[in-house]
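Peer 1: The lines below spell out each chain.
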Amino acid sequence: MEESPLHPFELHNYIPITLGGLDISINKAVIMMWVVVGVITLLMVKASAARRLVPGKLQSLAEMLVDFIRGIIMDTMGKDGMKFFPLIATLFLFILFCNLLGLIPGTYTVTSQIIVTAVFAITVYALSLLLGLMFHGIKFIPAILIPPGTPWWLIPLMMPIEFVSQVARPVSLAVRLFANMTAGHTILGVLFGLAISGGLLIGWLPFAFTIAMNGLEVGIAFIQAYIFTVLTCVYLGDAFHLHGSEDHAH
Amino acid sequence: MPQFESHFFSSLIFWEVVSFAILFFVLYKFAFPGILGILEEREKKIKDSLDQAERHRSDAERKLKEYEAKLNAAAKEADGILAAAKERAQRLLEENEQRLTAEAERIKGDAARAIEQERRAAIQDIRTQTTELALMVAEKVVQRSLNDADHRRMADDALDALAKSPSR
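If you're matching them up, the sequences are chains C and G in order. To convert, note that position 215 of the first sequence is 215 in the working numbering; the numbers rise steadily by one, no gaps. One rule links them: number in the working numbering = place in the second sequence (from 1) + 1000.
Quick caveat, the hints were computed from the structure, so don't treat them as lab data. Since we're looking at a predicted model, the values are computed, not measured. Accuracy of the hints is not assured; some may be wrong.
[Stated by the list, open to error] Cross-link-like lysine-lysine pairs, in silico, DSS-like; alpha carbons within 27 Å at most:
hint	chain 1	residue 1	chain 2	residue 2
1	C	K46	G	K1029
2	G	K1045	C	K79
3	G	K1045	C	K57
4	G	K1063	G	K1047
5	C	K57	C	K46
6	C	K46	G	K1044
7	C	K139	C	K79
8	C	K83	G	K1140
9	G	K1045	C	K46
10	G	K1164	C	K79
11	G	K1076	G	K1065
12	G	K1086	C	K57
13	G	K1108	G	K1140
14	C	K83	C	K28
15	G	K1044	G	K1070
16	C	K57	G	K1047
17	G	K1070	G	K1045
18	G	K1076	C	K79
19	G	K1076	G	K1086
20	C	K79	G	K1029
21	C	K83	G	K1063
22	C	K83	G	K1164
23	C	K57	G	K1044
24	G	K1065	G	K1044
25	C	K83	G	K1065
26	G	K1086	G	K1108
27	C	K83	C	K139
[To be verified] Simulated coverage check for chain C against chain G, where a stretch passes if three residues somewhere in it have a Cβ under 8 Å from a Cβ of chain G:
hint	stretch
28	18 to 26
29	32 to 38
30	52 to 64
31	105 to 118
32	193 to 200
For every residue, glycine included, the Cβ atom is placed at its ideal position computed from N, Cα and C.
If we strip away everything but chain C, and leave its shape as in the complex, we get:
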């Protein structure tokens, strides 16, 4: 039987566990999450423990990542956004290392599971709504559904459109990451399948492509983590810098 290119995404329960009727069995994706948490902890805590003014390699890498996230937050949310730094940095590091470690052959890409990206996306979106309501009260809801400066007679048209765009936020956030990770690994799977079935005579060509694709995938892994983080910052930033909130006040 020909192996499906989607085969690498299949999960099998290694250790079946149930907790109060909830199935929390250990499978490959769960083990990868632990590995990711372990790798990030090792890197960041060790780098933080060094605390040298002239950093070593490890500290430089960790500082580069932290400074990068700080830059994103400063650009999209301003100084107020630094309150969310721990949350956003953890999110970025978790997604980045899920993406990157998943590229190592034999491992599993946690972010190629739609449910994993969906949980992050829905949590981020829910958090942005919650923050909006906390900062601006109930008028936050009409404010995000009616763009500032809309003429009164356009309101019935604008509200459904804005509603759809709001709903699209978590959906697109989740699907973008999941689809990119799935597509990349599927292409790698297909190319590698070709390399195997092509044999030595012609198989080197798709094999060379898998190597090139893997390089590209590293870039995509980073870019997708970056996009997810930037959009998170933008959504959270929207919550407390309500578009045109000053205009409404006058």
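Model the placement of chain G on the given structure of chain C, informed by the hints.
Peer 2: For chain G alone, kept in the frame of chain C given last:
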């Protein structure tokens, strides 16, 4: 697609939330404060160093200006001292010259006076001796022919002539 097999969802959600929570806690507690702290510390250090460098530079510039001014003043002073010394030397030279001239003048005058005195004395001497000689001659002449009236008159004439003759 295998990703849509919903019977894995519960375990994935559970472990995702647990892993994320643990990671968040660990990083929040042990990693981020340290790394953010060291980043801020370094930024501050760099800023301080730059400020300090700027301060040192302006200090150095100020000092340079000071030294240049001092150097100029010193050069001016040296010029002044040199000019004064030259002037003094010139004056001394002139004074010396005047003094020497006067001295020479005085010595010359003294010498001339002494010569004049000697000359006078010599003339006086000559005159005295001439008179004595004349008197002696006259005496001899007188002694030989006192009675001869002609000779007496001749002696008188000779004495007159001698007395009338100029002193030199």
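Peer 1: Each of the hints needs a verdict: does it hold here or not?
Peer 2: Hints, one by one, checked against the model:
1. C:K46 with G:K1029: holds, 13 Å
2. G:K1045 with C:K79: At roughly 21 Å apart (the allowed maximum being 27 Å), K79 (chain C) and K1045 (chain G) satisfy the hint.
3. G:K1045 with C:K57: holds, 20 Å
4. G:K1063 with G:K1047: OK: K1063 (chain G) and K1047 (chain G) at ~24 Å, within 27 Å.
5. C:K57 with C:K46: The hint holds at about 11 Å.
6. C:K46 with G:K1044: Measuring from Cα to Cα gives roughly 23 Å; hence the hint holds.
7. C:K139 with C:K79: holds, 24 Å
8. C:K83 with G:K1140: violated, 160 Å
9. G:K1045 with C:K46: Judged against 27 Å, a Cα distance of about 23 Å means the pair holds.
10. G:K1164 with C:K79: Given pair K1164 (chain G), K79 (chain C) is violated - Cα atoms ~140 Å apart, limit 27 Å.
11. G:K1076 with G:K1065: Holds - the C-alpha atoms of K1065 (chain G) and K1076 (chain G) are around 16 Å apart, at most 27 Å.
12. G:K1086 with C:K57: violated, 74 Å
13. G:K1108 with G:K1140: It is violated: about 47 Å lies between the C-alpha atoms, which goes past 27 Å.
14. C:K83 with C:K28: violated, 34 Å
15. G:K1044 with G:K1070: Violated, at about 38 Å.
16. C:K57 with G:K1047: holds, 23 Å
17. G:K1070 with G:K1045: Given that 27 Å is the threshold and the Cα spacing comes to 37 Å, the pair is violated.
18. G:K1076 with C:K79: violated, 60 Å
19. G:K1076 with G:K1086: holds, 15 Å
20. C:K79 with G:K1029: holds, 21 Å
21. C:K83 with G:K1063: Violated: K83 (chain C) and K1063 (chain G) sit about 48 Å apart, past 27 Å.
22. C:K83 with G:K1164: violated, 146 Å
23. C:K57 with G:K1044: Cα-Cα ~21 Å, so holds.
24. G:K1065 with G:K1044: Distance of about 31 Å is beyond 27 Å: violated.
25. C:K83 with G:K1065: Roughly 50 Å between the alpha carbons, so the hint for K83 (chain C) and K1065 (chain G) is violated.
26. G:K1086 with G:K1108: violated, 32 Å
27. C:K83 with C:K139: holds, 24 Å
28. 18 to 26: Coverage by chain G holds for the stretch 18 to 26 of chain C (6 residues, Cβ < 8 Å).
29. 32 to 38: Holds, because 4 residues of the stretch 32 to 38 of chain C bring their Cβ atoms closer than 8 Å to Cβ atoms of chain G.
30. 52 to 64: Coverage by chain G holds here, the residue count being 6 at a Cβ distance below 8 Å.
31. 105 to 118: It holds: at least three residues are needed, and the stretch 105 to 118 of chain C offers 6 whose Cβ sits within less than 8 Å of chain G.
32. 193 to 200: As far as the stretch 193 to 200 of chain C goes, the hint is violated, because 0 residues have Cβ atoms under 8 Å from chain G.
Hint compliance for this structure: hints 8, 10, 12, 13, 14, 15, 17, 18, 21, 22, 24, 25, 26 and 32 are not met, and every other hint is.
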